[in-house]
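Using the hints, position chain B against chain A.
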Amino acid sequence: MLNLIKMDLYRMFSMASFYVIIYLFSIECVLMVYSSTMESDPLYLSIADLIMTTSTPFITLFTGIFSALFLIADKSSQFIKNYGGQLKHRCSRIFSKIICIIIYNILFSAITILLLIVSDKIFKTNLELGFDADFFRYYALAFWGNIAFCIVIVLISTLFKSTVPVVILPILISTSVFSIIFSGVDNILHRIGIDFSTQKYMLSENIYNLPWLEDTDNISFFVLLFLGYSIISAILSCIIFKKKDIA
Amino acid sequence: MSEYLLTTRNLTKTFGKHKAVDGINMHIKKGSIYGFIGRNGAGKTTFMKIISGLSAPSEGEFSLFGYPYSEISKVRNRVGCLIEAPGLYPDMSAFQNLKARCIGSGVYSKKYVEELLELVGLSNTGHKRSKKFSLGMKQRLGIAMALVGEPDLLVLDEPINGLDPQGIVEVREIIQRLAKENNMTILISSHILDELSKIATHYGIINNGKLIKEMSAEEMMSECKERIEINVDDTKHALTALDKIGITKYQVVDSHHICIMERIEESANINKHLVESGVALIESSICGEELEDYYINLTGGAVNA
Chain A
1 MLNLIKMDLY RMFSMASFYV IIYLFSIECV LMVYSSTMES DPLYLSIADL
51 IMTTSTPFIT LFTGIFSALF LIADKSSQFI KNYGGQLKHR CSRIFSKIIC
101 IIIYNILFSA ITILLLIVSD KIFKTNLELG FDADFFRYYA LAFWGNIAFC
151 IVIVLISTLF KSTVPVVILP ILISTSVFSI IFSGVDNILH RIGIDFSTQK
201 YMLSENIYNL PWLEDTDNIS FFVLLFLGYS IISAILSCII FKKKDIA
Chain B
1001 MSEYLLTTRN LTKTFGKHKA VDGINMHIKK GSIYGFIGRN GAGKTTFMKI
1051 ISGLSAPSEG EFSLFGYPYS EISKVRNRVG CLIEAPGLYP DMSAFQNLKA
1101 RCIGSGVYSK KYVEELLELV GLSNTGHKRS KKFSLGMKQR LGIAMALVGE
1151 PDLLVLDEPI NGLDPQGIVE VREIIQRLAK ENNMTILISS HILDELSKIA
1201 THYGIINNGK LIKEMSAEEM MSECKERIEI NVDDTKHALT ALDKIGITKY
1251 QVVDSHHICI MERIEESANI NKHLVESGVA LIESSICGEE LEDYYINLTG
1301 GAVNA
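Here the protein sequences line up with chains A and B, keeping their order.
In terms of this note's numbering, the first sequence has 31 at position 31, counting the first letter as 1, and numbering is strictly consecutive.
To convert, count from 1 in the second sequence and add 1000; that's this note's numbering.
These aren't lab readings, by the way, just hints derived from the structure by calculation.
Do not take every clue at face value.
[Claimed, not checked] With a Cα cut of at most 30 Å, we get these calculated DSSO-like pairs of lysine-lysine:
hint	chain 1	residue 1	chain 2	residue 2
1	B	K1110	A	K6
2	B	K1074	B	K1029
3	B	K1074	A	K161
4	B	K1210	B	K1029
5	A	K161	B	K1132
6	B	K1030	A	K88
7	A	K242	B	K1019
8	A	K243	B	K1019
9	A	K6	B	K1074
10	A	K88	B	K1132
11	A	K242	B	K1210
12	B	K1180	A	K6
13	A	K6	B	K1249
14	A	K88	B	K1029
[Said to hold, decoys possible] Counterexamples of contact, computed for chain B against chain A with all Cβ distances above 12 Å:
hint	residue
15	N1077
16	S1093
17	S1105
18	E1115
19	S1123
20	G1126
21	Q1176
22	E1181
23	N1183
24	I1212
25	T1240
26	I1247
27	Q1251
28	E1262
29	D1293
30	L1298
[Stated by the list, open to error] Using C-beta positions, here's what the derived DEER-type ranges look like:
hint	chain 1	residue 1	chain 2	residue 2	range
31	B	F1015	A	M1	43 to 49 Å
32	B	D1091	A	M1	21 to 27 Å
33	A	G228	B	A1056	49 to 55 Å
34	B	E1059	A	G228	35 to 41 Å
35	A	S26	B	K1128	26 to 32 Å
36	B	M1215	A	I231	52 to 58 Å
Fair warning: this is a prediction, and the values are worked out from it, not measured in the lab.
Ideal Cβ placement from N, Cα and C applies to all residues, glycine included.
Same shape as in the complex, but just chain A (with noise of 0.2 Å):
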């Protein structure tokens, strides 16, 4: 196991994609402080208020394009096929998949605070840092949403051999598009009488929603929300994964 992720995580920092995802984000958080030195009313009073306000969404889809593609990378170059049949037990993939995604998302994380912090100076736009108690509730939480975001792409992955739907399918979740199609499942429940919104359980949604989070009492909605998709979709990939041939 540990010398699969060895190799999960070699893999990672041999992509390509690895540091193109990460350029373009940090032009992405560049252009947002920048775009708050042009405005006479200051957009953002801190660094965490840019941060929970403007930057979550692109955190999800960043981290959420960059999954997909080392997620299916080893399936569609079948280099799983070297290695993939020597495992004692296939879950160790998912699990060393989950890892580096982990690890990756731990860095993305860092590069963000860190390029805003940097940017900030940069610009002298002379934000506070407004790291305080709501802050970093608010962090634990969009980061393990993020996680949990990737564990669903770990499934995606698992079921298709394509790079195509791997990577369009976190795309239109992280863009909010399936929470259209369910608002029309929720209209169409309500119309028959099921008063159920599927979209208060959308994943999206629901990091997306964090900053905005005021009740104390709904964190434990949240965790349980993230922990859910985290556990079920690791443990579908596993079943998945085990019953399904290689390549």
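Chain B alone, transformed into the frame defined by chain A:
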């Protein structure tokens, strides 16, 4: 302990209603080079995927290195494989691909990777990305990937596909060296039956998912040996004449053709005797079967292995 490294029992793989592998009972001896022959779609790759652990059988089981199927996961890492196209990251060099594979197996050292590259003749590829490799180079890198961790059983599916004549010779030499020096057992399929006949110590012929023949190279040689083929007007009359001169090893092909499997060097005398006995001898020739002919006759169709 059994003399067989791999034994399959009624191994079957079904896709929907189609049986890609149908009740195969294969026996591979330790240290042998087992040539696996069959048409496209005969079930070779599916069978090899099952043995390599990439696919699970629908029915039946197999034992590997003496371990029953229920304990096969213990010895999975002793099987290296190159199935269909080589699995390579296209944006990585040969060294990087091998490095990733070695890290995954816990055997990485720079020297080890360089040795493997040297073995397959790719040591001078430098930083060239594998997507820019020729098919032959990819195949050779695929073989190197399969050799990581020095497996005891090497499963090679069409490894000489796309190789130039020199490449074919090099791969043949690698395979022979691995079997001889490392006592590696090799299960290999190939379209080029003539090439397979140069290295295989055993053969298995598969058709429509079924293993129709399994034999050693010696047995194959004996089945493919030279014979006299005669074309006569009346086989009954000819057989009486052959009996008179003590020829007993023959096979009647049809109402006009007989194959004589003995006294090949006396073909002129046999012809003379047949003519003197009043048999109208239309044609007589000495012929021997190549592996390809043998395969065609056995499977009853044109070669599309």
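Checked hints:
1. K1110/B / K6/A: Status holds; Cα separation ~16 Å.
2. K1074/B / K1029/B: Holds. K1074/B to K1029/B sits at ~20 Å (cutoff 30 Å).
3. K1074/B / K161/A: The given pair, whose Cα atoms are some 28 Å apart, holds under the 30 Å limit.
4. K1210/B / K1029/B: holds (20 Å)
5. K161/A / K1132/B: holds (23 Å)
6. K1030/B / K88/A: The hint holds at about 23 Å.
7. K242/A / K1019/B: holds (21 Å)
8. K243/A / K1019/B: Distance of about 18 Å is within 30 Å: holds.
9. K6/A / K1074/B: It holds: about 22 Å lies between the C-alpha atoms, which stays within 30 Å.
10. K88/A / K1132/B: violated (33 Å)
11. K242/A / K1210/B: Distance ~27 Å between K242/A and K1210/B Cα, so the pair holds.
12. K1180/B / K6/A: violated (34 Å)
13. K6/A / K1249/B: violated (65 Å)
14. K88/A / K1029/B: Holds, because 24 Å separates the two Cα atoms, which is no more than 30 Å.
15. N1077: At about 5 Å from chain A, N1077/B fails to clear the 12 Å cut-off, so the statement is violated.
16. S1093: It is violated; S1093/B is separated from chain A by about 10 Å at its closest Cβ, not greater than 12 Å.
17. S1105: S1105/B not clear of chain A: closest Cβ-Cβ about 7 Å, inside 12 Å.
18. E1115: holds (18 Å)
19. S1123: holds (20 Å)
20. G1126: holds (16 Å)
21. Q1176: holds (23 Å)
22. E1181: For E1181/B, whose nearest Cβ neighbour in chain A is about 23 Å away, the distance exceeds 12 Å, so it holds.
23. N1183: holds (20 Å)
24. I1212: holds (25 Å)
25. T1240: holds (60 Å)
26. I1247: Non-interface label stands for I1247/B: nearest chain A Cβ at 53 Å, farther than 12 Å.
27. Q1251: holds (44 Å)
28. E1262: E1262/B clear of chain A: closest Cβ-Cβ about 48 Å, beyond 12 Å.
29. D1293: At about 34 Å from chain A, D1293/B clears the 12 Å cut-off, so the statement holds.
30. L1298: holds (29 Å)
31. F1015/B / M1/A: 43 to 49 Å: violated (32 Å)
32. D1091/B / M1/A: 21 to 27 Å: Holds - the Cβ-Cβ distance for D1091/B and M1/A, about 26 Å, lies within 21 to 27 Å.
33. G228/A / A1056/B: 49 to 55 Å: violated (30 Å)
34. E1059/B / G228/A: 35 to 41 Å: Check passed, 38 Å falls within 35 to 41 Å.
35. S26/A / K1128/B: 26 to 32 Å: Distance hint for S26/A, K1128/B holds at roughly 30 Å.
36. M1215/B / I231/A: 52 to 58 Å: 54 Å Cβ-Cβ, so the 52 to 58 Å window holds.
When held up to the earlier numbered hints, the structure conflicts with 10, 12, 13, 15, 16, 17, 31 and 33 and fits the remainder.
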